[in-house]
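> Listed below are the residues making up each chain.
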Amino acid sequence: MSTNPKSGTQNNNGHSDVALDVRDLRVHYKTPEGDVIAVNGISFKVYKGELVGLVGESGCGKTTAAMGILRLVQPPGRIMGGRVMLDGDMDIINLGNKELRRARWTQIALVPQGAMNSLNPTMRVKDQIKDAIETHEGRQSKAVLKERTLDLLALVGLPSRTFNMYPHELSGGMKQRVCIAMAIVLNPILVIADEPTSALDVIVQRVVAQTMLDIKKRLGVSMIMIGHDMGLMAQMVDRVAVMYAGNLVEIAPVRAAMKAPMHPYTQLLIESIPSIKERKPLKLTEGLTHDLRNPPPGCIFQFRCPHVAETCRTQKPPMLEIQTRHGVACHLYKPEETA
Amino acid sequence: MTTPLLEITDATKIYGGGFLQGGKKVVALQNFNLTIPADTPKIVTIAGESGSGKSTLANLVLGFTPLTSGKITFTGHDLSKLTKEERGIYRRHVQVVFQDPYAVYNPFYRVGHIYDLIIKNFKLAKSKKEGRELIEEALNVVGMQGDEVLHKYPHQLSGGQRQRMMVARAYLLKPDLIVADEPVSMVDASLRAMILDIMLRLRDDYGISFLYITHDLSTAYQIGDDIYLLYQGSIAESGSTTEVIENPKHPYVQQLIGSIPVPDPDQKWDSEISLPDDELMRSHTDSGCRFYARCTHHWEKCLTTQPLLYQINGSSHQAACYLYADEK
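Line order of the protein sequences matches chains F and U. No gaps in the numbering here: position 134 of the first sequence is 326 in our numbering, and each next residue is one more. No gaps in the numbering here: position 54 of the second sequence is 70 in our numbering, and each next residue is one more.
One or more hints might be untrue.
Unchecked claim - Capping the alpha-carbon separation at 27 Å, the derived lysine-lysine pairs in DSSO-like fashion look like this: (1) K284/U with K475/F; (2) K168/U with K144/U; (3) K240/F with K284/U; (4) K139/U with K190/U; (5) K472/F with K284/U; (6) K284/U with K469/F; (7) K58/U with K87/U; (8) K508/F with K451/F; (9) K508/F with K237/F; (10) K469/F with K58/U; (11) K222/F with K168/U; (12) K237/F with K284/U.
Since the hints were made in silico from the structure, they are not lab data.
Please put together the full structure from these sequences, using the hints given.
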């Protein structure tokens with residue numbers, strides 16, 4: 193199985209094990225009644241070869257955060273600040289347009305939400321993949337293109353006849369795998385997949401999830417997977433990043449997040465997973481409780497938090513690194529405990 | 017035995033087969049049987065993957081599309097033979113909650129409009145005040161207050177609120193049966209429990225039965241009484257929800273339940289699975305077991321005749337697989 197060796201452009205920065213370093217990213221949406229703060233200064237790292245799951249309820253800003261990282265936020269949205277360092281030294285936010293165009297797909301690729309419906313219905317799979325390659329690497333010979341494409345299809349577990357097929361001839365799971373194949377065709381450092389399995393049947397979902405894990409292992413690519421299915425997260429990711437109302441409240445290794453969540457919101461999220469193993473009384477919760485235009489001073493979760501205290505009303509809890517690669521933003525935990 | 021609330025006998029629905037489709041037939045539902053008793057309200061789950069026929073079943077029960085063969089009776093009345101007047105009564109007794117709470121509202125009307133329409137159409141109230149009281153009661157059942165929401169436009173409400181209002185709308189008519197077609201699949205996980213809880217309360221406190229159509233077995237497991245698992249239009253397995261999910265018998269159902277991601281990193285999927293090509297998967301649909309291409313057991317009779325539903329341990333638990341043929 194031959195895949196492209198990593199091109200030389202990306203290892204001139206030393207030996208950092210951080211693939212992506214997001215610092216204080218802010219994205220606002222302009223509305224006549226004031227700015228909606230969709231992403232309120234989030235910071236996190238994605239290490240090389242790591243799969244980070246980004247979870248939270250709808251409207252919490254997960255997709256917007258991902259779009260911010262790719263600098264794909266559409267008006268009325270605007271990136272208000274922050275830095276997105278890719279592979280150590282490249283700041284996506286301050287890149288010139290030309291360099292940004294070059295970096296997208298070759299360095300950082302996206303599998304958009306509902307990706308399987310984003311395939312061009314009038315083009316064969318081979319031509320869509322060819323487009324991606326030639327746009328970034330210039331014209332290639334037919335034989336080279338064919339070999340690369342076939343290797344790529346094999347990598348995502350698709351039969352070689354997919355090569356000549358149109359999207360309507362493929363099932364949902366196959367289309368999704370074509371989209372994943374397209375994301376990795378230029379060997380990016382980081383792939384962002386937005387709900388890559390949400391419209392698929394359970395068994396097909398499992399097949400696509402296996403494909404993604406397999407690619408991660410073989411290519412060593414880092415991934416961010418956006419989703420809300422905590423079960424799927426537990427099966428797939430290395431770390432879970434939990435967002436609430438535009439803020440990152442906890443980022444933790446998956447085992448810690450599932451077994452001993454620290455932030456009250458993460459705890460609530462874990463408790464509300466419907467289980468297939470035991471029949472338990474339903475846990476009732478409210479949804480988002482404040483207007484995103486006017487986030488309360490202090491902790492973002494104060495209205496729903498069972499442990500709310502006086503400080504939570506006035507001071508925003510900073511993100512504390514409780515353990516290695518485990519951060520939590522909550523006043524319940526004090527820096528001393530880490531010492 | 018009293019007349020059951022809903023009885024579906026040998027229901028079959030075939031789409032296509034006409035001149036324009038080139039004679040190609042799609043069997044959406046085949047020989048489906050289901051009973052919901054009148055005396056004990058139940059939440060009956062119809063589960064299956066996309067294309068398994070679960071929405072076809074909902075459309076048949078709601079009378080949106082006629083049966084190809086078979087019979088559906090509601091409190092003893094055959095659905096296909098209802099007069100116009102009886103059909104109106106049927107509409108009142110059988111209500112529906114659809115999947116998408118974003119698509120069912122007219123964005124130009126305030127949300128109160130959906131309730132006003134029902135009250136007008138079914139002549140539920142003599143005066144405005146009386147109508148308002150009915151609405152208030154229905155909203156209270158789903159944990160909402162009229163003053164807070166009725167004057168708002170749909171876009172001002174969250175998905176969870178909208179879906180709760182749809183349940184309230186169904187409840188307003190005090191139906192005997194609510195067909196809930198994927199009511200929680202577009203609602204956030206944290207709000208899902210609230211809607212499921214409302215369904216449980218409507219069953220226990222108001223005696224309303226549900227036909228709960230879903231692809232999500234974990235929510236079915238939390239609230240369902242009986243379950244019917246469909247595979248390509250036929251029942252693969254049926255029985256009490258706890259029994260079927262805790263102890264699945266049909267190879268398809270075993271694979272399905274084994275594929276549900278468990279929210280525990282220490283309980284990973286046990287093995288790699290792969291799916292055969294789509295063409296292969298559809299090629300055994302005419303005769304024999306529809307699951308043949310994906311099954312791990314390949315017997316000769318699986319290819320020639322479709323297995324019947326066999327009883328397991330003499331209980332209500334049934335599976336359509338030759339593995340259980342001897343136990344009959």
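> Decide, hint by hint, whether the structure agrees.
Hint check results:
no.	hint	in the structure
1	K284/U with K475/F	holds, 25 Å
2	K168/U with K144/U	holds, 19 Å
3	K240/F with K284/U	holds, 23 Å
4	K139/U with K190/U	holds, 14 Å
5	K472/F with K284/U	holds, 22 Å
6	K284/U with K469/F	holds, 14 Å
7	K58/U with K87/U	holds, 21 Å
8	K508/F with K451/F	holds, 26 Å
9	K508/F with K237/F	holds, 21 Å
10	K469/F with K58/U	holds, 22 Å
11	K222/F with K168/U	holds, 22 Å
12	K237/F with K284/U	holds, 25 Å
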